[in-house]
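Novice: Sequence:
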Amino acid sequence: MEQPRHLRGDRYRARRRQAVGRNQQGRHRADHSADKERSSGLHFHGGTAARYAGRTRRRIAGLRFGLTILGSNGAVPSASRYASGHLLHSESTDVLVDCGEGTQLRLQAAGASVGRISLILISHLHGDHYFGLPGLLTSLALSGRTAPLRILSPPGLRDRLAPLLELDRYGMPFPLEFIEHAADDMTLVAEVGELEVYAFPLRHRIVTNGYLLREKPRPATILKDMIEAHSIPYAAIPTIKQGSGYTTAEGRFIPHGELTAPAPPPRSYAYCSDTLYFPELSNYVQGVDLLYHEATFLHDMAVEAAEKGHATAHQAALVARNADVGQLILGHFSARYRNVDEHEREARAVFPASTAARDLYRFTVPFTERNSE
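Quick note: the sequence shown, position 309, residue 358 per this note's numbering, numbers continuous.
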């Protein structure tokens, strides 16, 4: 199995977990009143809800590596919890992960720019994970999109969408590429902007991919005072960034480590839905900063969860703890649960850095202080 480059030391992971936790907690109070509005059926068209959507738009514009929850429910959506959908923001592009019914409405409510989406990842071909695609693709076509778009999924998605959108007769007014892959191990399946995208197998009733998205390694940071002290020419800087040292005019060799500061470690996010619990899953998501793991049921329904190919909040927390992730986000809640606070409590008993997803909640992963000075 190809080992992803996201394994880190314990001290780093502890700092990253604290930073992500502070970031999410800082938003919790501001999000609480908006969450009440969502539960009462408002759709962000006016009043306080509209102001909240405006704040969301401004925050998204400044994200460098962050996640917006577009839908947190399971197969049956509700007025406050839509079907599955995540939007991962990076420096140069956005990636949509699953596209359940109503996703494009949630994108609008979040103030997201759909033009930034260059890749869509579909975990599996159950409707609550892709029924939003026909509407979204139609809207992109009507909006005059010309930029290419890739959709990566298990086999069979294009065959389902082609008749509905008449792809074989008319196509789309922008380049649309379907990449179909059934993961049987950790596999690099795409690169987009500064992100590497890996697929790995989950265990559900049909073929299901999990996804890991991670920043590509950054070059080391040049120390300006060292460049000036040794009169290093600008032309030599690119090779120094790539790992070379420098020999001065006097013949003195200066090692690379004295001329640079370490680059920030790549940040990462993994998506695991839908899946039953299996301990080996921790190997695929080892050390990621943000782990989304389905928690369709509470643990008193563990038997039914396994029978239906799903997991409990307790089991999701076991995966997070064994993988030593930075933050666990729970989601894909059964419609039988009107409140998901108990999912959060159940998970935190096993893994304290656990949060139940709420629609339009945002999570960011900052650089550690050690690497951002």
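Watch out, some of these pointers could steer you wrong.
As a list, the in silico SDA-like pairs of lysine to any residue whose alpha-carbon atoms are at most 20 angstroms apart [what the hints assert, rightly or not]:
no. : residue 1 : residue 2
1   : Lys265    : Ala298
2   : Lys273    : Asp234
3   : Lys290    : Pro315
4   : Lys290    : Ile271
5   : Lys290    : His305
6   : Lys357    : Asn371
7   : Lys265    : Glu307
8   : Lys265    : Gln335
9   : Lys357    : Gln335
10  : Lys265    : Ala355
11  : Lys265    : Arg113
12  : Lys265    : Glu243
13  : Lys290    : Met275
14  : Lys273    : His253
15  : Lys273    : Glu307
16  : Lys265    : Phe302
Pairwise CB distance ranges, derived in the manner of DEER restraints [as the list claims (entries may be wrong)]:
no. : residue 1 : residue 2 : range
17  : Tyr219    : Ser127    : 31 to 37 angstroms
18  : Glu229    : Gly294    : 31 to 37 angstroms
19  : Pro401    : Ser127    : 26 to 32 angstroms
20  : Ala284    : Pro401    : 46 to 52 angstroms
21  : Tyr219    : Glu391    : 29 to 35 angstroms
None of these hints come from the bench; they were simulated from the model.
No residue lacks a Cβ here, since even glycine has one placed at the ideal position from N, Cα and C.
Novice: State for each hint whether it applies.
Specialist: Cross-check of the supplied hints:
Our distance criterion of 20 angstroms between C-alpha atoms is broken by Lys265 and Ala298, whose separation comes to about 34 angstroms. About 43 angstroms separates the Cα atoms of Lys273 and Asp234, which puts this hinted pair outside 20 angstroms; it is violated. With a C-alpha separation of about 16 angstroms, the suggested pair Lys290 and Pro315 falls inside the 20 angstroms cut-off, and the hint holds. Restraint check: the Cα-Cα separation between Lys290 and Ile271 comes to about 7 angstroms, which is no more than 20 angstroms; the hinted pair holds.
Taken as a hint, the Lys290 and His305 pair is honoured in the structure, with Cα atoms around 8 angstroms apart against an allowance of 20 angstroms. With a CA separation close to 24 angstroms, the supplied pair Lys357 and Asn371 exceeds the 20 angstroms bound. Distance hint between Lys265 and Glu307 is unfulfilled; the C-alpha atoms sit about 23 angstroms from each other, more than 20 angstroms. At roughly 17 angstroms between alpha-carbon atoms, Lys265 and Gln335 fall within 20 angstroms of each other, so this suggested pair holds.
Proposed proximity of Lys357 and Gln335 is contradicted: the alpha carbons are some 26 angstroms apart, above 20 angstroms. The hinted pair formed by Lys265 and Ala355 fails the criterion: a straight-line CA distance of about 36 angstroms is larger than 20 angstroms. Proximity of Lys265 to Arg113 is assessed by CA-CA distance (about 13 angstroms); at most 20 angstroms being required, the pair is judged to hold. For a cut-off of 20 angstroms, the pair hint linking Lys265 to Glu243 stands: about 6 angstroms separates their Cα positions.
Among the hinted pairs, Lys290 with Met275 is consistent with the structure: their alpha-carbon atoms are about 13 angstroms apart, no more than 20 angstroms. Distance hint between Lys273 and His253 is unfulfilled; the C-alpha atoms sit about 52 angstroms from each other, more than 20 angstroms. A threshold of 20 angstroms between alpha carbons decides the hint, and for Lys273 with Glu307 the separation of about 11 angstroms falls inside it, so the pair holds. Between Lys265 and Phe302, the direct Cα distance comes to roughly 29 angstroms. Violation of the 20 angstroms bound is thereby established for this hinted pair.
Our hint of 31 to 37 angstroms for Tyr219 and Ser127 holds, since their Cβ atoms are close to 35 angstroms apart. For the hinted restraint 31 to 37 angstroms between Glu229 and Gly294, the CB-CB distance of approximately 46 angstroms leaves it violated. Taking 26 to 32 angstroms as the suggested C-beta distance range, the pair Pro401 and Ser127 conforms, at roughly 28 angstroms. A C-beta distance of roughly 50 angstroms is found between Ala284 and Pro401, which places it inside the suggested range of 46 to 52 angstroms.
Range check, Tyr219 to Glu391: Cβ separation about 49 angstroms, and the 29 to 35 angstroms hint is violated.
Against the hints set out earlier in the document, violations occur for numbers 1, 2, 6, 7, 9, 10, 14, 16, 18 and 21.
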